[in-house]
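Since the structure of chain A is already known, use the hints to place chain B on it.
From first to last, the protein sequence lines stand for chains A and B.
If you're matching positions, the first sequence starts at 1 in my numbering and goes up one per residue.
If you're matching positions, the second sequence starts at 1 in my numbering and goes up one per residue.
The set of hints was computed from the structure by calculation and includes no laboratory data.
Possibly wrong hints are sitting among the right ones.
Identical copies go unnamed one by one, so any copy, or any two together, can satisfy a pair.
[What the hints assert, rightly or not] Derived EDC-like pairs: lysine to aspartate or glutamate, alpha-carbon spacing no greater than 20 Å straight-line:
hint: 1; residue 1: LYS99; residue 2: GLU198
hint: 2; residue 1: LYS99; residue 2: ASP238
hint: 3; residue 1: LYS105; residue 2: ASP192
hint: 4; residue 1: LYS53; residue 2: GLU70
hint: 5; residue 1: LYS241; residue 2: GLU231
hint: 6; residue 1: LYS45; residue 2: GLU21
hint: 7; residue 1: LYS99; residue 2: ASP75
hint: 8; residue 1: LYS105; residue 2: GLU213
hint: 9; residue 1: LYS99; residue 2: GLU62
One letter stands for each residue in the lines below.
There are 2 protein chains.
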Amino acid sequence: MLVLAGMGVHDCMDTSLKAVEACKKADAVYAELYTSRIEDFDRLKGVIGREIKILERSDLEEGAKRLIEEARDRDVVLLVPGDPMVATTHSALRLEAEKAGVRVKVIHGSSIASAICVTGLQFYRFGKTATVSWPLGSRVSRYPVDVIRQNWSVNAHTLLLLDLNPPMRVPDAVDLLFKAGMEDWFAVALSDAGGENEMRCDRLSRLKDFRGEGLHSLAVLARTLHFMEYEYLRVFADAPKELEEIVS
Amino acid sequence: MLVLAGMGVHDCMDTSLKAVEACKKADAVYAELYTSRIEDFDRLKGVIGREIKILERSDLEEGAKRLIEEARDRDVVLLVPGDPMVATTHSALRLEAEKAGVRVKVIHGSSIASAICVTGLQFYRFGKTATVSWPLGSRVSRYPVDVIRQNWSVNAHTLLLLDLNPPMRVPDAVDLLFKAGMEDWFAVALSDAGGENEMRCDRLSRLKDFRGEGLHSLAVLARTLHFMEYEYLRVFADAPKELEEIVS
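Chain A on its own, in the form it takes in the complex (with noise of 0.2 Å):
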C-alpha cells in the first residue's frame, strides 16, 4: 500500500498524530519537499524515529512506476508538505497507483487552502485559486489577473499562492502582477502561514516593500468586503482607513 500523508502547513509539528502512526509502521518512508516547504523538516526524522529519504521531482514524475512498484507489496509511506491532495501531482501518482492494482490511502494536512483564512477573510468568500509563476523569457503570464478578474466578477476573494523555485515574495509578486495588466487593487500579504503570520493589508502597489520570514501568499480582495473581514483587517493587518469604503 502506498499512503499519501500531509505534513501540514508550516513546521514538522503540523505532522497529524496519523501521519506518524503510519510512518512508524511503514516498511519505506520518503518525502516530497518541492510542491511546498516544511520548516524543520529534520526534525521530523526524529519524531517519527526513522530515515526518510528526500524524492526529487522526476522521482515522482517519471520515476512514480518505480515508486508504485515498491509498495505494492511493501507499506511505502510518502510525506508530503500541506495536504497531498492540493498538488496534481499526488492525484495524477493516485490514479497511476490504482491503475496498477496498488492501493492508496490518503492522510489529509494542514493546507494554505484554509489557512489563508487566518486573514481573516471568510473561507465562503474565496473564489479560484491560481498561482503567480517566475516568467519563463520576457513573457508574463496573464493567467493571475485572469483568474482575479473572474473572481471579482462573481464579488470573491483571491488566493494567490507563489512560485517556489526559488520562493517567490510578495513583492516580486506585486511586480509581476501589475505586468500582467493588474489594477491597484487591495490585497492581503501573508507570510509564514501557521508560524509567525505576519500579515499586511493594503493597496497592491503599497505591499511592494512587505518582508516577513517564511514563505509567503497574497490575498486579493473581492470587490466588497464583510464588515467583520474589514475589523479584522484593521486589528490584525494593518488594513488602511480607506478599506471602509468596499465594506457593503
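Below, chain B alone, put in the same frame as chain A:
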C-alpha cells in the same frame, strides 16, 4: 493566551503534534463540536492525557467573554473540528480576544476545504463554497444554487457543505437543491472525508440513493472537466461514461 487548535477533518488522530503539545502544556482544554464533528472524539482525552470540557454554541457566542477572561492569565486551548479559521465563529472570537488585550494563537488542522480534492476535482478549480441548510419552515434558501450559478459563470466547481444540525445527507441536499431551482448537473457525493472516503459521481438526480457512513459533502462540477479529473472520477467515483461530454 487563547490557543485555537484544529482537530482536523475526520477523527482524533487527525490532530497535529502541535495541537497535542499545546493541550499538554495548557492550564485548561475545551472543545466545541458544533461547527463540525470528530469521529471517536472521546479517544482524544486519552491521547492528550487530560480532561476536555465540551462547550456549547452559546458558550462561544454569548459566553465568549468568559472564555477570553479565563485566557487572560492562563493558557487555554479551544479544540475545534477541522481548521479553526474556516468557521467565522472563530475569527470573531479571535477578534474579540485581541480587542480585550488577550493574545490568540492559531494551530491549523486539515479541513474539508482541501480534503474535498480526494474526489479528484482540482483544488485550483473550486470557486466559492456554500452551505445547504435545513429550510426554516417552508422556505428553501436559493443561496446555494445562486453560488453554483456564479461559479458556473467562471467555470468553477462548487463545494457544498451540508447542515449539521441534524446532519444532512446527500439525498436530502439533492431534494433541497432541486426545490431551489437547481438543474440536473453533475456532482460528486463524498462521505466520511478523511476516513473511508466513499464517493460517487453522477447527475444530481441519480445521487438520491447515495448512502455512506459519516458526514456527507457534495461538490457540483464546473461546466467543463480537465481530462485528468474525468479519468480520476471514472476510476474512483464510478462516474458514467456520459461525463466525457464535458471534458475540454
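List in ascending order the numbers of the hints, as given earlier, that are violated by the structure. none
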